[in-house]
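S.K.: Chain E is fixed; fit chain G onto it per the hints.
First to last, the protein sequences are chains E and G.
Counting along the first sequence from 1, when you hit position 422 you're at 421 in numbering that gives the first Met the number 0, and nothing is skipped either side.
Counting along the second sequence from 1, when you hit position 142 you're at 141 in numbering that gives the first Met the number 0, and nothing is skipped either side.
Treat the hints as calculated values from the structure; they're not laboratory data.
Check each hint, because a few of them may be wrong.
Below, computed lysine-lysine pairings styled on DSS-like, alpha-carbon distance capped at 25 angstroms [as the list claims (entries may be wrong)]:
#  : chain 1 : residue 1 : chain 2 : residue 2
1  : E       : Lys207    : G       : Lys90
2  : E       : Lys349    : E       : Lys184
3  : E       : Lys493    : E       : Lys414
4  : E       : Lys350    : E       : Lys207
5  : E       : Lys207    : E       : Lys349
6  : E       : Lys447    : E       : Lys480
7  : E       : Lys205    : G       : Lys64
8  : G       : Lys64     : E       : Lys414
9  : E       : Lys414    : E       : Lys447
10 : E       : Lys263    : E       : Lys341
11 : E       : Lys480    : G       : Lys90
12 : E       : Lys341    : E       : Lys205
13 : G       : Lys64     : E       : Lys185
14 : E       : Lys263    : E       : Lys58
15 : E       : Lys183    : E       : Lys321
16 : G       : Lys171    : G       : Lys205
17 : E       : Lys205    : G       : Lys90
18 : E       : Lys207    : E       : Lys184
19 : E       : Lys480    : E       : Lys425
20 : G       : Lys160    : E       : Lys321
21 : E       : Lys301    : E       : Lys341
22 : E       : Lys183    : E       : Lys349
23 : E       : Lys447    : E       : Lys425
24 : E       : Lys159    : G       : Lys72
25 : G       : Lys64     : G       : Lys6
26 : G       : Lys73     : E       : Lys159
27 : E       : Lys414    : G       : Lys90
28 : E       : Lys447    : E       : Lys486
29 : E       : Lys184    : E       : Lys321
30 : E       : Lys184    : G       : Lys64
31 : G       : Lys204    : G       : Lys171
32 : E       : Lys185    : E       : Lys350
33 : E       : Lys321    : G       : Lys171
34 : E       : Lys273    : E       : Lys301
35 : G       : Lys64     : E       : Lys207
36 : E       : Lys486    : G       : Lys6
Derived CB-CB ranges, DEER-like [unchecked claim]:
#  : chain 1 : residue 1 : chain 2 : residue 2 : range
37 : E       : Glu297    : G       : Arg96     : 40 to 50 angstroms
38 : E       : Phe130    : G       : Gln170    : 52 to 62 angstroms
39 : G       : Glu129    : E       : Arg483    : 45 to 55 angstroms
40 : E       : Arg136    : G       : Ser14     : 30 to 40 angstroms
Every residue gets a Cβ at the ideal spot worked out from N, C-alpha and C, and that includes glycine.
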Amino acid sequence: MAKVVGIDLGTTNSLVAYMDGNTPRVIRDAEGGGLVPSIVAFNRESDSEGVIVGEAAKKQLLTHSDRTIYSVKRFMGKGVEDVRDDLSLIPFHLAEGQKEVVRIQIGNKLYTPPEISAFILRELKQRAEAFLNEPVRQAVITVPAYFNDSQRQATKDAGKIAGLEVLRIVNEPTAASLAYGLQKKKEGTIVVYDLGGGTFDVSILKIKNGIFEVLSTNGNTHLGGDDIDRRLMRLILDEILQKYQVDLSQTPEALQEVRLVSEKVKIRLSSDEKAEIGLSFPGRKVEYRREIKREEFEALIKELVGQTIEPCRQALEDARLKPEGIDEVILVGGSTRIPLVKETVAAFFKKTPHSELNPDEVVALGAAVQADILAGGITHMLLLDVTPLSLGIETMGGVVSRLIQRNATIPTSAKEMFTTFVDGQKSVSIHVVQGERELVKDCRSLAKFNLTGIDPLPAGMPRIEVTFLIDANGILNVTAKDLRGGKMQSVEVKPTYGLTDHEVESMISASIEHAREDLSERMLIESRNEAETVLRHVEKAMTQGAGLLEEPEKKEVDQRLADLRAAMQGKDHNAIREKLDRLDKATQRLAELLMNRSIKEALENKKLSDL
Amino acid sequence: MDKVLTKRPCWNCGSEVDHLYSCSHCDTLQRLPEQIDYFICLGLDYRLQIDSQALEATFYELSRKFHPDFYQKKSQEERAISLENAAMLNKAYRTLRDPVERIEYLIGLAEGKNTLRTEVPSDLFDEIFELQEAMEAIKEIPADDAAQRAPVIASLETARKRFQERQDQDQKELEALAGRWDTLEGSQQDRSFTEEQRACLREMKKVLAHRAYLDRILNDIGAAIGKGS
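Okay, chain E solo, but in the shape it has when bound:
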């Protein structure tokens, strides 16, 4: 049975895990590291050839800032307007004039966030294949619980582009609870507080008889460790500007260096009371050095950490619980290592939170557990998750008519009847939004669904029943039925901030072509390497056995050697193989002669008694 892997596609780091018998395990590299930095670096040709991912790409952050993409998760399912605030602090370029989907410009090529994420997923897939020694085709991928439909769909698209069948999109905090539940085997009501690199989630679950029932979830998909780093960056950039009149925010490389230093200082301050900040830009006569105390850092980020409390309060209210009703609080995500975060959570829920599970790995482990459930391995555990946001449709005057309430257990569905307003009208458009506000303009537009091919009838006569179904991935599916004829009505989807099926298809085929290019590239390198080895051997043999060959034979070998060298200059690995074969044939007699001679020599050097 082929393994289904669990993937935590994180803002800062990504991991892949699998189920080893009854135990979920993170797949590690030779050095024992499980984390793959979610960083994708492009080489100078700005092509998908030579794309590097992970630690190697991280090294390029400082040298090739404009071609090294990090934290791409923050752009998933977003339009350019959504991320405008981020632009001032990121060193890579977003293409202008692309409203519906953010596109990142590398040289003269544009990449969507799902395509960038697909590079990370492909790396994880390869890592898993190398470790498990078998092809990996299916995966469970985690997303923040508070991700909306577009962000989930973008993640699923990324999986497809990477050549993975995404069996399930599962929420990060719930995945963590599965890993926790499997390990602790405890029942009760738990809170999972998940503060990662770019997103914050809180989920409240009831664990009973192997059922993990999510009671409520809340969060902020734009709040995490990155924002904490930015507070420090601002401080440093402002101080440098004041002291040296140098504005580093305009130089991508410098900005990246400030970011990396900020991140290090933040991590240091989780264990130490103070940390040293040192930055030197000799070219601009900047020698910035200062000490920062934990207190000062905490004052800087207090407001950010405080922003996580309102979602916690709302989640409690939606679950109809008080802090006293919570049995345990579990911390997930690297940012929960910050002492101020722990204190804030403890104060709000009135209990010491749990942090004995590795907060970086628990989500991937949980994804592996869910993967095993779907593969039919584990049968006693079942996750009942919820949709984080209410779903509605636009009605007259831009008002939202709510069809599905937030925190409804998924899968769930709602049916609505539609008709026409004009005689002979053949299509009806439905605008679907997500959010808690009353007006369409304050909610998140998901997509327009067009019911087409309606029989032309007097206005109001057609009766089309539309079913809005949110599946177990938290993704919306819309189907329509003509109640008069009973036949299914076709529905065209125009996602507001996503890729159409057609776009995803072409990205998949592009990536398959690239995979083919990648493969031929590898075969070329391999054949060249082999040719070089053979060349060395033949040249050596020719000097050793120069006297053994007749002149025409010698000429033949020389000719073949020249042919092979010429082929090696080209890019056709088949041609190299062919010349290699010919050289091999031409040198067979030489090899035999050399062999005979060496046997003869060996025999001559030995006495008969030794034989």
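M.R.: Leaving out everything else, chain G in the frame of chain E:
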């Protein structure tokens, strides 16, 4: 109450199915009958006082039968059925576990859909008039003028308390009516309710209409006073 009156052919083997969701012949999952309601789905009679522990246990048990997680490797049709059944079950549980939504749903079954309204409780006309004046007044006062805000907020707080009490009273009335409903003789299966049952539902409806109005008012007061106070 696994048996339903609706018999239908099994989509897979064609033999007759009289079970809610399973074919006794080939053991494949069946679509829940289209005409069943949330009560039947969760194996309940048309009762309003429900043992929530037992309801939860039924929900978990049926979740294990329907959830798409367990049909990943089955045929496309069975996967689709699992998805539809699970969606129905989740909606049914969500509705019936809440005492008020449970009553609203029952009224909907008896009367057809969307008959619930909001209605001003007639005994509160004067208070509501006063309240609206206070709400208008507070809009005019700048947010930082605490001295001027204080008396208006105090009057809003008093109103809030009074309306909350009225809502508690409605709640008790509703519970009593639910208790009365459960003692009434009536058909448990085909929704042909007796006149006595319908009268009881009408009374509950009136209380619900008040309750919905009070909900809205309390919400508005909360917004006017501001969060945290």
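S.K.: Now look at each hint and say whether the structure bears it out.
M.R.: Structure-based check of all given hints:
With a CA separation close to 20 angstroms, the supplied pair E:Lys207 and G:Lys90 stays within the 25 angstroms bound. Between the alpha carbons of E:Lys349 and E:Lys184 the distance comes to roughly 23 angstroms, so the proposed pair stays at or under 25 angstroms and holds. Restraint check: the Cα-Cα separation between E:Lys493 and E:Lys414 comes to about 20 angstroms, which is no more than 25 angstroms; the hinted pair holds. Pair hint E:Lys350 plus E:Lys207 holds up; C-alpha atoms about 21 angstroms apart against a cutoff of 25 angstroms.
For the hint pairing E:Lys207 with E:Lys349, the CA-to-CA distance comes to about 23 angstroms; that is within 25 angstroms, so the pair holds. Under the criterion of a C-alpha separation no larger than 25 angstroms, the hint pairing E:Lys447 with E:Lys480 is consistent with the structure, at around 17 angstroms. Of the supplied pair hints, the one linking E:Lys205 and G:Lys64 holds, its CA atoms being roughly 19 angstroms apart against a limit of 25 angstroms. As the CA atoms of G:Lys64 and E:Lys414 are separated by approximately 24 angstroms, the hinted pair is consistent with the 25 angstroms bound.
Distance hint between E:Lys414 and E:Lys447 is fulfilled; the C-alpha atoms sit about 17 angstroms from each other, no more than 25 angstroms. Taking the CA atoms of E:Lys263 and E:Lys341, the gap is about 19 angstroms. The hint holds against a cut of 25 angstroms. Taken as a hint, the E:Lys480 and G:Lys90 pair is honoured in the structure, with Cα atoms around 21 angstroms apart against an allowance of 25 angstroms. A distance of roughly 22 angstroms separates the Cα atoms of E:Lys341 and E:Lys205; the hinted pair therefore holds under the 25 angstroms criterion.
With a CA separation close to 24 angstroms, the supplied pair G:Lys64 and E:Lys185 stays within the 25 angstroms bound. For the suggested pair E:Lys263 and E:Lys58, the alpha carbons sit about 15 angstroms apart, so the restraint of at most 25 angstroms is met. Taken as a hint, the E:Lys183 and E:Lys321 pair is honoured in the structure, with Cα atoms around 24 angstroms apart against an allowance of 25 angstroms. The suggested pairing of G:Lys171 with G:Lys205 holds, with an alpha-carbon distance near 14 angstroms, which does not exceed 25 angstroms.
Restraint check: the Cα-Cα separation between E:Lys205 and G:Lys90 comes to about 18 angstroms, which is no more than 25 angstroms; the hinted pair holds. As the CA atoms of E:Lys207 and E:Lys184 are separated by approximately 10 angstroms, the hinted pair is consistent with the 25 angstroms bound. Of the pairs offered as hints, the one joining E:Lys480 and E:Lys425 holds, with about 14 angstroms between alpha carbons and a cut-off of 25 angstroms not exceeded. Distance restraint check for G:Lys160 and E:Lys321: the Cα-Cα separation of roughly 22 angstroms lies within the 25 angstroms cut-off, and the hinted pair is therefore satisfied.
A C-alpha spacing of about 12 angstroms is found between E:Lys301 and E:Lys341, which places the hinted pair at or below 25 angstroms, so the restraint holds. With a CA separation close to 22 angstroms, the supplied pair E:Lys183 and E:Lys349 stays within the 25 angstroms bound. Between E:Lys447 and E:Lys425 the alpha-carbon distance is near 16 angstroms, which keeps this suggested pair within the 25 angstroms criterion. Restraint check for E:Lys159 and G:Lys72: the C-alpha separation of about 19 angstroms stays at or below 25 angstroms, so the hint holds.
Under the criterion of a C-alpha separation no larger than 25 angstroms, the hint pairing G:Lys64 with G:Lys6 is consistent with the structure, at around 20 angstroms. Taking the CA atoms of G:Lys73 and E:Lys159, the gap is about 22 angstroms. The hint holds against a cut of 25 angstroms. Simply put, E:Lys414 and G:Lys90 have alpha-carbon atoms about 12 angstroms apart, close enough for the 25 angstroms limit, and the pair holds. Using a Cα cut-off of 25 angstroms, the hinted pair E:Lys447 and E:Lys486 holds, with the two alpha carbons roughly 21 angstroms apart.
In summary, the hint linking E:Lys184 to E:Lys321 is supported, as the alpha carbons are separated by about 24 angstroms, within the 25 angstroms threshold. Annotation: proposed proximity of E:Lys184 to G:Lys64 holds, straight-line Cα distance about 23 angstroms (limit 25 angstroms). A C-alpha spacing of about 14 angstroms is found between G:Lys204 and G:Lys171, which places the hinted pair at or below 25 angstroms, so the restraint holds. The suggested pairing of E:Lys185 with E:Lys350 holds, with an alpha-carbon distance near 17 angstroms, which does not exceed 25 angstroms.
Between E:Lys321 and G:Lys171, the direct Cα distance comes to roughly 23 angstroms. Compliance with the 25 angstroms bound is thereby established for this hinted pair. Taken as a hint, the E:Lys273 and E:Lys301 pair is honoured in the structure, with Cα atoms around 17 angstroms apart against an allowance of 25 angstroms. For the proposed pair G:Lys64 and E:Lys207, the alpha carbon gap of about 17 angstroms is at most 25 angstroms, so the pair holds. Distance restraint check for E:Lys486 and G:Lys6: the Cα-Cα separation of roughly 24 angstroms lies within the 25 angstroms cut-off, and the hinted pair is therefore satisfied.
Checked against the hint of 40 to 50 angstroms, the pair E:Glu297 and G:Arg96 passes, with Cβ atoms roughly 42 angstroms apart. Checked against the hint of 52 to 62 angstroms, the C-beta distance between E:Phe130 and G:Gln170 comes to roughly 59 angstroms, which is consistent with it. Separated by about 53 angstroms at the C-beta atoms, G:Glu129 and E:Arg483 satisfy the suggested range of 45 to 55 angstroms. Range check, E:Arg136 to G:Ser14: Cβ separation about 37 angstroms, and the 30 to 40 angstroms hint holds.
Of the numbered hints listed earlier, not one is contradicted by the structure.
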